[in-house]
Each structure stands twice: as structure tokens, then as C-alpha cells.
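> Next come the chains, spelled out residue by residue.
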Amino acid sequence: MSMISIRSLTKTFGTVIAVDNACIEIRANEFFAVLGPSGCGKTTLLRMLAGFEIPTHGQILIDNHDVSEMPPNLRPVNMVFQSYAVFPHMTVLDNVRYGLKVTGVAAKEARQRAEETLEMVQLSGFGSRKPEQLSGGQRQRVALARALVKRPKVLLLDEPMSALDAKLREQMQLELARLQEDVGITFVIVTHDQDEALSMADRIAVMNDGKVEQIATPEELYESPASRFVADFIGKVNLLDGHVVGAGTNTVTVDVAHLGQVSIPHQGHASGTVSLAVRPEKIRMDSHKPDSALRMNGRIVDWAYYGDSSHIFVQPEDGPRMSVTIQNETRTTIENADRGDHVWLSWQPGDTLILDR
Amino acid sequence: MRLMIRRFWKRSDPLDYANRLWMKLFIGTVFILLYAPVILMMIFSFNDSRRNIVWRGFTTKYYEKAWNNDGLIDAFVNSLTIAAFNTVLATLFGAMIGLLLWRFRFPFKSAYDGFMALPIVIPEICMGVAMLAFFSRIGWPSDLPWPLNLSSIMIAHIAFSFPFVAIVVRARMAGFNRELEEAARDLGASQWQTFRDVIFPYMRPGLIAGALLAFTLSLDDFVVTFFTSGPETVTFPVKVYSMVRFSVTPEVNAASTVLVLITLVAATFMLRFQRPQEAGGP
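Protein chains in written order, with the working numbering: chain A, 525 to 881; chain U, 478 to 759.
Only chain A is shown next, with the shape it has when bound in the complex:
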């Protein structure tokens, strides 16, 4: 059963279409991420869920109630804002119990619930502090506690990690995932950071230019992207242009300029000009000619070293530059390759995707 039902939702600002006919079903207790580049309409979508924007067309159902035009204070959803929006003139405890106070929860119960929630986000003992005495990470926990204490049906998170440094971000990602399992609330997170979405979410909706491109699990999005945009936006990808010359049962034969005719396993329809897509880490790099139909040779032109892995750029004789990720499995892995070296690249047909151009 769906907790949130977004039906043909459209929002326009003047002539700009921020969200274009979005249809998303979000299940109860799901950790759902909306991922996309900035300006893709994901924040507008979240603000419509919270009630800060009224949809131009379409409906939002939360727990089977139409909330499309319900004011934000009456919705069973709470939000963690990008700036955290912790009330600066209130103590941490007052911040957390504010949402209970204004809705008429008895003072004693409100205090108890607020303290329990502060404990849950590991801030017990901070109740009497002012927000200015807290670090960014602690302020985020206050914002989280303030929303969770209301026991909402849905928790909305707007780019919650963008103001944190890398180490803290990773820690908060794990903690947020743990918290979601503990409280059993539907989480909807908006982010432009693919790592964040991939590591935390059960399912992800990728948005581009107001449209929902694909809704899938992280694995599906990465291994079977539905479009060139999704393949390119999530992770890195090498794209080779070609055209379909024949199709068998579950395979398609594609003529690619630098590879010749190759057969790729593919479900469904494909015709005309297509792109072959292959992830950098699926490519093998060898110094001798490999035994594979999908192979090309070229020179190493550049690389980026990331410690655990290296990203190597290989320029074939003709055709687009290929990127290859290799794991630095031994301390000398990177020393065995150098700029200008001739290498062979190869990969398996099963790791290749066919995408419409």
C-alpha cells in the first residue's frame, strides 16, 4: 500500500515548468530519495509534499487523504530544512517541543516526549543549550528531533547533508538509515548527491528538467539505467555510438564504429541509432591483446588517483576517450601504468547496456 501517492503532479511558476506530470508511489516505511541536478524540480516537489507550494495540476495523497491544498500546519508530515531552521531564540528543548506546544499537547507530556527524542538523536543533556552553542551536525540533530517528536507519517529531508563536511556526512548517512529503521516512518529525502541517495535509499526517483526519468532501487539505477541521462548522472559511464543492424532472441547486434559488429544481450526493443554504455569499473585493462569481442587499444593519456582506486583515461586510435577505474589492490598497482603506455581495454557483453540516443 502506498503511503504517498503523487498523481500527475505539475507545478508551474509563470512560464517555467518546475515539476512536469510527476507520478510517484512511495510505500510505507520506505526510505525514498529524489535525486537530480540542481534546478530539476526536486525541491519544488518536496515543498508541495510539505504544503509550501500548491500544485498547479494533479494530486498528492498521503495515507489515502488528498492533501494537495491542505496548509502545511495540518499535514501529517514534518520536514528537516536545508538550513536546519533551528529557532535561534529558543533553547534546544524548546525547539524540540515547540511543535507539540502549538498543537496543544500537555506540557508534561511534551517535555517527556522531547527529552526521549533528544536521547534518540544522541543529544540528551543538550536541552538547555542555545543553537549558537551547537555545531552544524548537532543543529541538524535538533532539526531532526524537532520533526520526529511530532511522530509524523512522513519525514521530509531537504538536502540534509549539504552543510556537513565529508566525514560527518558519512556518519550522518549511516545514522539516518539506522534511525529510519528504528522509528518506522516513511522518509523522503531530496538530494543532488548520488552517493547519498545510493547508500541510504530503498528506492530512488531520478528527476531531470521537471520530469521523473526513472524510479528504481539503487542497484537497478546503476546497473540498468533507463536512459542516457540516468546512466550519465549516476556514476560514470563510457558511451559508444552505433546503430542496430539485427536482433535475435534476447540479443541485439550493433554496429559500432570502433568495435565492429557486436552482439549484446538485451531485453526489449531496440532499433536505429543507439549508445553502448559501459561503466569504467567493468572494463579490464591489459598490456596484451585480450580474448574478447569487445576490445580496443589505445594510449593512457591521463589519470586521477583516489587512494583506493585510480581513474585512468585511455585514448583509442580513433573514437571517444574511455575512462577505466582500477582498484589499487597492491601498493605498486599504480606504478605499473604510465602516461603514453599502450594498453588493451576489454569488457563482457553482459556488462554492456544499450540506451536510446
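You may find that some hints are simply not true.
[Unchecked claim] Some chain U residues close to chain A (C-beta under 8 Å, calculated; not the full set):
no.: 1; residue: Thr558
no.: 2; residue: Ala561
no.: 3; residue: Val565
no.: 4; residue: Ala648
no.: 5; residue: Met650
no.: 6; residue: Asn654
no.: 7; residue: Glu656
no.: 8; residue: Glu659
no.: 9; residue: Asp663
no.: 10; residue: Ser667
no.: 11; residue: Pro678
No lab work stands behind these hints, which were simulated from the structure alone. Nothing here was measured: the structure is a model prediction, and the numbers come from that model. We put the CB at the ideal spot given by N, CA and C, even for glycine.
Position chain U relative to chain A; hints supplied.
Just chain U, lined up with the frame of chain A:
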């Protein structure tokens, strides 16, 4: 000693000008020119001399004299009454307009914005003449019982002081993080609750500064008041002016000293309330 010499000869950066000798002298001169007259005025309020030109010994009798001068006390009470009304009403109107200009977009907003601020740029003398012409043209009654007979002065004061409040409040609100307001709404607060619990606390330092401004503008206004006051409605500055026309006795100094002290106390009082400044946003 070596350290002092080194410091004296140390080359300073261009923006480090406050450490230069000439700048220190300049700052000192400015302070003397600013405060010496006020301090002299206070000292000479204790001068035992009618003509008050040379120091002839210490006395407090002119404070007594000022206290027993019914006309002066009446004028003082009038001034405080007008200032009190003006502070409340100008702050209220100014805050409402400040909020309006901060928050809403409406047709002809920039024109409205400009007209609203006109009383700040119009020369005070023109404002005074305009007020005089206006009140006599519409036949505003001048023979009402106290304090209603002060109404024309109050209206004039509110008219020229509320834009100052509006500007201060609007400037304060410009730094407001709108997500705070949305957070309150999201947590279940109605629009009024959001205003009371989140917007108003943020606005408060601006309100206090605006109110202080309105109070002092009204208390020491001479020009506009001179044109709108009648024989029955003399304010403190107008009264002091008429006293000075005869002679500058220490009585005037004494009365002025009391006014300076009242203003100082009010300012310190309000600044104390303003001190717990908080930062908005993350």
C-alpha cells in the same frame, strides 16, 4: 623602552590607521568637539551666576528654580506625553509598513516605498509649514482639554517618525531566514502563532531600535512642533527656546541636563533589552 620604540616605528598597514598618532589626535579632537559642549552645559547648570558666563561658585538652586517653574514643568510633561504616544503609535505603524515592504509584493510597490520615505528627506521646515497649513485648512480644533489638545503635535510627530521605524524594521527583517517561518508552520503553528513565536522575536531588536528612534525624534523636535503648537501646547524644546530669547540662565542648563540624563537612561535601558542578539540561519 626598546619595545616602545619598535612599536612606534613599526610600519603599519594602510587599513591599520587607528594606530597612527595623527589619527589618535584626530579622534581625540572629534570626541572633545562632540562632548565638551554637553559637559560644559552640565557643569554650568551648577553655576551660581545669573548671567552664566563666568564661573562664580557651585549651587543647585537653579535645579530648584527649574523644578518650581510651572511653565517649564508643564512643557516637560507635554513633551513626555507626546513622545510616549508617538513611540507607541509610530512604532506600530512603522513596524506594520516595514513588515509589508519586507514580505509582500504588490503593484506600485517601489512607488509606495519612495513615498513612504518622503518624510525623511523633506526639509523639516517644509514639513512644519505643511502641517500648519493642513491643520488650519481642515479646522483641527485647538481648544480641546489636555491631553487631546496635543493631538495635532502628536499627529505631526507620528507622520515624520514612522518611516524611520519602518526602515529599521525592514532592514532587520531582511536578514530573516524564511525557512524559520516555514519550519514553524511545518511543526503545526498557525500563521498567528508563527508570527508570535518566530517572526516577532526576530523583529524585536529592530522594534526596540525603532521605538528608541521615534522617542528621541519626538522628544527633541523643535521645528515641526513650533509650527503645530499653540500657546497652550508648549513642549520642552519650544519652552527652552522662548526662555533663551530672554537670557541663558543656569535654569535652562539645569532643565537641559535633566533631559540629557533622561534620554541616556532610556537609551541604556533599551540597549540592555536589545543585547541578547541572536544569529539566524545555520
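> Now tell me if each hint is right for this structure.
Hint check results:
Proximity of threonine 558 of chain U to chain A is violated relative to the hint, the smallest CB-CB distance being about 33 Å (cut-off 8 Å). Interface hint status for alanine 561 of chain U: violated, as the beta-carbon distance to the closest one in chain A is roughly 28 Å, over 8 Å. Contact between valine 565 of chain U and chain A, as hinted, is not supported at the beta carbon level, the nearest pair being about 24 Å apart and thus beyond 8 Å. Taken as an interface hint, alanine 648 of chain U does not check out: its beta carbon lies about 18 Å from the nearest beta carbon of chain A, beyond 8 Å.
Interface hint at methionine 650 of chain U: violated, since its Cβ lies 14 Å from the closest Cβ of chain A, which is beyond the 8 Å cut-off. Restraint check, asparagine 654 of chain U versus chain A: the minimum CB separation of about 6 Å is within 8 Å; hint holds. The closest approach between the C-beta of glutamate 656 of chain U and any C-beta of chain A is roughly 4 Å, which is under the 8 Å cut-off, so the hint is satisfied. Among the interface hints, the one on glutamate 659 of chain U holds; its C-beta lies about 6 Å from the nearest C-beta in chain A, closer than the 8 Å criterion.
Evaluation of the aspartate 663 of chain U hint against chain A yields a held restraint, the C-beta minimum of about 5 Å falling below 8 Å. Look at serine 667 of chain U: its Cβ gets to within about 6 Å of chain A, closer than 8 Å, so that hint holds up. For proline 678 of chain U, the interface hint holds, the least distance from its beta-carbon to any beta-carbon of chain A being 5 Å, beneath 8 Å.
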